[in-house]
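Colleague: Residues per chain are reported as follows:
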Amino acid sequence: MSAALLIDIILWGAVAAVGFIAFQRGPEILTASLRDGAMDFVRIVPRIALGVIGSGYIAAIIPQEIITGWLGPNSGWRGVLTAVIAGAATPGGPVVGFSIGAVALKAGGGSPQVIAYVIAWALFAFQRLLLWEIPFMPARFVWFRAAVSLPFPFLAAAIAMAIGRP
Amino acid sequence: MIMIGVLVAISALLVWRRDGISGVTEILTHDLALFGGILPRVLAGCLLGAFIAEILPHEKVSRSLGANSGLKGLLIGAAFGAILPGGPFTAYPVASALLAVGADFGATIALVVSWTLIGYGRAVAWELPIMGTDFTLWRVLISLPLPIMAGALGRFVYVRMYPKDRGE
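Residue numbers (numbering that gives the first Met the number 0), protein chains in the order written: chain F, 0 to 165; chain G, 0 to 167.
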């Protein structure tokens, strides 16, 4: 069984479970939430379409080699800063992000820098922000969340430096 | 949205100048296929968000995840984010639903940051095989306090930036 299928089963299982709870509260609650969910879906589809189809083009003009280069073995805080920028600029899904991190580790990049890269990618990867967070969340929340998250890749790198791990 | 549209148009133009029309159509067909595959999950995420918004008692949500929920609210948000099943197609609709029924920015930030940093889905499926066990475990361990801190910082800044929304 593939991971994607498993995700779909868990996902639709969760939908069925909360749907059942809604049904127990009364059929009108079930229909009301079905209508709300369907409306959200209709509203979000054009944005997702723009995000999915558009981010392919944006990703195509940012080659991965550039990002791997940014993560070179230059250590210290300048390395952490470049790692954070590289993480935010990395196009594509988790395979790309982690593969670049793994390559950087093998190429002699420092652990704190790679930690900063992976965390910055998780927090700010522009493709996920464009594709998922902005369509679903209020715009004010997204930029606020991103701004508040800014110190944390640096903090994580500092912790990694302090404990000398991984 | 307009900004993203412009950005996409410029990128597509650059791809066209570099790779010709075949480069543009190749990306388009690939992304259209991806889009088609994602759609059912987006629907599932929207339904999940709508059901959660409907069945969770608003008063209880604003008490346990609202602006005055304290550290406990941030902990609940972070724990919820860490165990949330599925990908971005569930995390963001659910976070949005909680925001709508009374969670504050702080608890919602804790949830979103926790989902991206310590959510098991991505770590197990992608990080562990690609980055190795040692790196992944330390990375997650170092990340553990971050969702709470991000949520606390968010709450701290929020009440100072938008004092009118206080205590909603």
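These are calculated hints, taken from the structure and not from any lab test.
Every value quoted in this text rests on a predicted model; they were computed, and no experiment measured them.
You may find that some hints are simply not true.
To be clear about the criterion: a stretch of chain F counts as covered by chain G if any three or more of its residues have a C-beta under 8 Å from a C-beta of chain G, and this derived list gives those stretches [stated by the list, open to error]:
hint : segment
1    : 21 to 34
2    : 47 to 61
3    : 88 to 101
4    : 114 to 124
5    : 127 to 136
Far from chain G, by Cβ distances over 12 Å, these chain F residues were calculated [as the list claims (entries may be wrong)]:
hint : residue
6    : A37
7    : V41
8    : E64
9    : I65
10   : T67
11   : G68
12   : W76
13   : T81
14   : L104
15   : G107
Covered stretches of chain F, going by a simulated chain G footprint (3 or more residues, C-beta under 8 Å) [as the list claims (entries may be wrong)]:
hint : segment
16   : 3 to 17
17   : 150 to 156
Note that the Cβ used here is the ideal one computed from N, Cα and C, for glycine as well.
Colleague: Each hint needs a verdict: does it hold in this structure or not?
Modeller: Hint check:
1. 21 to 34: holds (count 6)
2. 47 to 61: holds (count 13)
3. 88 to 101: That given contact holds, which follows from 6 residues of the segment 88 to 101 of chain F lying within Cβ reach (below 8 Å) of chain G.
4. 114 to 124: holds (count 5)
5. 127 to 136: Holds, because 9 residues of the segment 127 to 136 of chain F bring their Cβ atoms closer than 8 Å to Cβ atoms of chain G.
6. A37: 7 Å, violated
7. V41: The claim breaks: V41 of chain F does not keep its Cβ more than 12 Å from every Cβ of chain G (closest is about 9 Å).
8. E64: Fine: 15 Å to the nearest Cβ keeps E64 of chain F off the interface.
9. I65: 14 Å, holds
10. T67: The claim stands: T67 of chain F keeps its Cβ more than 12 Å from every Cβ of chain G (closest is about 14 Å).
11. G68: 19 Å, holds
12. W76: About 17 Å separates W76 of chain F from the closest Cβ of chain G, which puts it past 12 Å; holds.
13. T81: 18 Å, holds
14. L104: 7 Å, violated
15. G107: Correct as stated: the minimum Cβ-Cβ distance to chain G is 15 Å, above 12 Å.
16. 3 to 17: With 8 residues in contact (Cβ-Cβ under 8 Å with chain G), the coverage given for the segment 3 to 17 of chain F holds.
17. 150 to 156: holds (count 4)
Hints 6, 7, 14, counting from the list given before, are not met by this structure.
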